[in-house]
Amino acid sequence: MRPGTELAARLTDPELYASGPHELFSRIRAEAPVAWNAERGFWAVSKHADVCAVESDHESFCAQRGILVDEIGVDYPSPPTIMHTDPPEHSRYRRLVQPGFKPSATRMLEPFVRARAKSLVDELAADEPVDVVAKLAVPFPLQVISAMLGVPDDEWERCYEWSEAVIPGATDWPEETRQRLLVEMTEYLLEATKQRRVSPQDDILTELAQVSLEGDQLTDSELAMFSIQLLVAGNETTRNLISGGLIALAERPAEWDRLRTDPSLVGSAVEELLRWTTPVISFMRTAIRDTELRGTHILEGEPLLMLFASANRDSDVFGESADELDVARHPNPHLSFGFGSHFCLGAALARLEAKVVLDELLSRFSRIELSGEVERSGSSVIAGVRRAEMVFART
1 MRPGTELAAR LTDPELYASG PHELFSRIRA EAPVAWNAER GFWAVSKHAD
51 VCAVESDHES FCAQRGILVD EIGVDYPSPP TIMHTDPPEH SRYRRLVQPG
101 FKPSATRMLE PFVRARAKSL VDELAADEPV DVVAKLAVPF PLQVISAMLG
151 VPDDEWERCY EWSEAVIPGA TDWPEETRQR LLVEMTEYLL EATKQRRVSP
201 QDDILTELAQ VSLEGDQLTD SELAMFSIQL LVAGNETTRN LISGGLIALA
251 ERPAEWDRLR TDPSLVGSAV EELLRWTTPV ISFMRTAIRD TELRGTHILE
301 GEPLLMLFAS ANRDSDVFGE SADELDVARH PNPHLSFGFG SHFCLGAALA
351 RLEAKVVLDE LLSRFSRIEL SGEVERSGSS VIAGVRRAEM VFART
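The letter at position 144 of the sequence shown is residue 144 when you use the working numbering, and the numbering goes up by one with no holes.
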């Protein structure tokens, strides 16, 4: 029997993620850091150093054969996202789209992002239960990314349905509903990218449509691919960072008080909440040659599931306090944005959004408390929160 078979068997169980996977992740790290899931046929990689090794070794592991367990055995005629590409193709894409995501471009967005956050926080009822997912975590990043893509303000809820349809396990919708929404989204964004070629607007889609480096441009289909990725990655991860982070702070009032007392800790708090929530639980790579990982023999063609959420609680890196939330943690080499060449393009925007939300909440409310059960999704990909009622107490 291959190592860790019994432990890894639960890694595709939705109930594990709805109830919390960290006890199992801890056992896997300790007992079988590279564990085999026999049902779906993949290796689970749970240690920080090993996840970094897989992410960095493009000679041994690739993304083009799929990044999700549901994609095992799927053969794409063209990459559905930049995340499904490897160097040198991946390097070309990064070179073409990087100008739209440089830090200076993100800094220019701060007044707009803060205005959206302020408006939503102003609408939160004080001293009574509020579902922070519906009232803040969902609309905020969706309104931001929709505006960046040039989607009209009154259509952000449509973008929400499209985004949810992309994530396996995020909803209980029938498969035919998901497929209908995916087709609708693709057609809409493909048409939008074509329009930006002839009618530029003040949005990131136009910037991507117009960029040209030494005569190289993104094709219409590549632009559509990026717009879909921006829509989904630009809201799903930040949404669950905000909701999961506020849940963590509500459960630990002493950490909230530290931030109230010392607002200079907000930056390190964002990094710690990224580590703690790990919005993207896992991504997959596939071995493209026989190799070894932590003494385990990996055969060519075998998928490896990188458990970012497990790596982010690895005591070899984060010490004895790895299972504690510390808003002042430093250093904090979490893997919530990936590692190496696949490091998230939107990291600066996610950090900005989380920072301004914390700023606005801390300036208004003396404490936050959970007022009901937290409902989490059963997705093994995104650490989703479906509902979380909280009470925000006024300063």
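By construction, these hints were calculated from the structure, which means they are not laboratory data. The reader is advised that the hints may include incorrect statements.
Think about it this way: if two alpha-carbon atoms lie no more than 25 angstroms apart in a straight line, the pair counts; the simulated SDA-like pairs of lysine to any residue are [claimed, not checked]:
{"#": "1", "residue 1": "Lys47", "residue 2": "Ser315"}
{"#": "2", "residue 1": "Lys118", "residue 2": "Ser315"}
{"#": "3", "residue 1": "Lys135", "residue 2": "Ala393"}
{"#": "4", "residue 1": "Lys102", "residue 2": "Glu214"}
{"#": "5", "residue 1": "Lys355", "residue 2": "Leu124"}
{"#": "6", "residue 1": "Lys194", "residue 2": "Lys135"}
Label pairs and their computed distance ranges (CB to CB) [unchecked claim]:
{"#": "7", "residue 1": "Ser19", "residue 2": "Val211", "range": "26 to 36 angstroms"}
{"#": "8", "residue 1": "Glu110", "residue 2": "Arg260", "range": "20 to 30 angstroms"}
{"#": "9", "residue 1": "Ala126", "residue 2": "Thr261", "range": "45 to 55 angstroms"}
Note that CB positions come from ideal geometry on N, CA and C, so glycine has one too.
Going down the list of hints, with the structure as the test:
no. : hint                                  : verdict
1   : Lys47 <-> Ser315                      : 9 angstroms, holds
2   : Lys118 <-> Ser315                     : 37 angstroms, violated
3   : Lys135 <-> Ala393                     : 16 angstroms, holds
4   : Lys102 <-> Glu214                     : 19 angstroms, holds
5   : Lys355 <-> Leu124                     : 18 angstroms, holds
6   : Lys194 <-> Lys135                     : 34 angstroms, violated
7   : Ser19 <-> Val211: 26 to 36 angstroms  : 45 angstroms, violated
8   : Glu110 <-> Arg260: 20 to 30 angstroms : 22 angstroms, holds
9   : Ala126 <-> Thr261: 45 to 55 angstroms : 21 angstroms, violated
Checked against the numbered hints given earlier, the structure breaks hints 2, 6, 7 and 9 and satisfies all the rest.
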